[in-house]
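Generate coordinates for the entire structure from the input sequences, incorporating the hints supplied.
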Amino acid sequence: MTPIRDPALLTRLPTDEAEWPAVTQLSAMEVRDLAGLERCSALEVLALSGCGDLDVSHLAGLARLEALSISDSGLTSIAGLTGSTQLGSFDLSRNLVTDLRPLLEMPNLSIIDVTGNPITDDSFNQVLPKLQARGAFVQYSTRADWQLTIRLREAGLPFSVYRKQSKLRLFSPGLDHTTSPAFGHTVVTAAEIDRLLADDPAGIYALFAKGEDNWQI
7 MTPIRDPALL TRLPTDEAEW PAVTQLSAME VRDLAGLERC SALEVLALSG
57 CGDLDVSHLA GLARLEALSI SDSGLTSIAG LTGSTQLGSF DLSRNLVTDL
107 RPLLEMPNLS IIDVTGNPIT DDSFNQVLPK LQARGAFVQY STRADWQLTI
157 RLREAGLPFS VYRKQSKLRL FSPGLDHTTS PAFGHTVVTA AEIDRLLADD
207 PAGIYALFAK GEDNWQI
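Residues in the sequence shown are numbered consecutively from 7, following our numbering.
Some clues are possibly wrong.
[Claimed, not checked] Below, a list of computed lysine-lysine pairs in the DSSO-like style, where the Cα atoms sit at most 27 Å apart: (1) LYS136 x LYS170; (2) LYS216 x LYS173; (3) LYS170 x LYS216.
[Claimed, not checked] Pair by pair, the computed Cβ-Cβ distance ranges are: (4) MET7 x GLY162: 36 to 44 Å; (5) GLU25 x GLY94: 22 to 30 Å; (6) ALA24 x PRO135: 16 to 24 Å; (7) ALA69 x GLY141: 18 to 26 Å; (8) ALA53 x ASP22: 21 to 29 Å; (9) ALA196 x GLU50: 35 to 43 Å; (10) ALA208 x ALA48: 42 to 50 Å; (11) GLY67 x GLY209: 44 to 52 Å.
Don't read these hints as lab results, they were simulated from the structure.
We put the CB at the ideal spot given by N, CA and C, even for glycine.
Below is the structure:
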């Protein structure tokens, strides 16, 4: 069986590997590799934050996993979880996922959060309504916020936006541009982003840095 090597996971697990199959809940930050996590065969709740681009196919064998949260991370694909029949809650907010169609193959999903992802037109206009039509509670960015994220990505910038407590926030998913992707999200306005995209796209880096600086103080 594949060993667990990611230090961020190992520090959150019992030191005795014989106890891993009995672990039912696990949370960790800054994880880069999920290989071997299938050894935690009783896992029911998994919460990950501030991680890299994870290969979620390592979770497909967790037959008891009911609640999964991977937020503020560099996740680009959820295809590895296609057909996960037991999963009831999936928070993939503030990642880099573009294709949401695999969610349609998870029949028991009832709570979903895809806020802040640069999803495709098909995912926004077709998949989200289908998920809602079958009774799922779905949280997602407004059309205006989603389109702003798409524009940032199309400009080649490592940033996205989302809204919290009515305030628009700028963030950088994953570990490529920041060491703390779950923190230091800069409060911005759509007009501010519009102006910088038109006149000075590089200025958005400085705008993002303000949030990081304030968080680290």
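Okay, the hints, checked on the actual structure:
1. LYS136 x LYS170: It holds: about 25 Å lies between the C-alpha atoms, which stays within 27 Å.
2. LYS216 x LYS173: holds, 16 Å
3. LYS170 x LYS216: holds, 18 Å
4. MET7 x GLY162: 36 to 44 Å: holds, 41 Å
5. GLU25 x GLY94: 22 to 30 Å: holds, 26 Å
6. ALA24 x PRO135: 16 to 24 Å: violated, 47 Å
7. ALA69 x GLY141: 18 to 26 Å: Hint holds: Cβ distance 24 Å, inside 18 to 26 Å.
8. ALA53 x ASP22: 21 to 29 Å: Given a distance of about 22 Å, which is inside 21 to 29 Å, the answer is holds.
9. ALA196 x GLU50: 35 to 43 Å: Given about 40 Å between the Cβ atoms, the range holds.
10. ALA208 x ALA48: 42 to 50 Å: Check passed, 49 Å falls within 42 to 50 Å.
11. GLY67 x GLY209: 44 to 52 Å: holds, 46 Å
Taken one by one, the earlier hints fail for this structure only at number 6.
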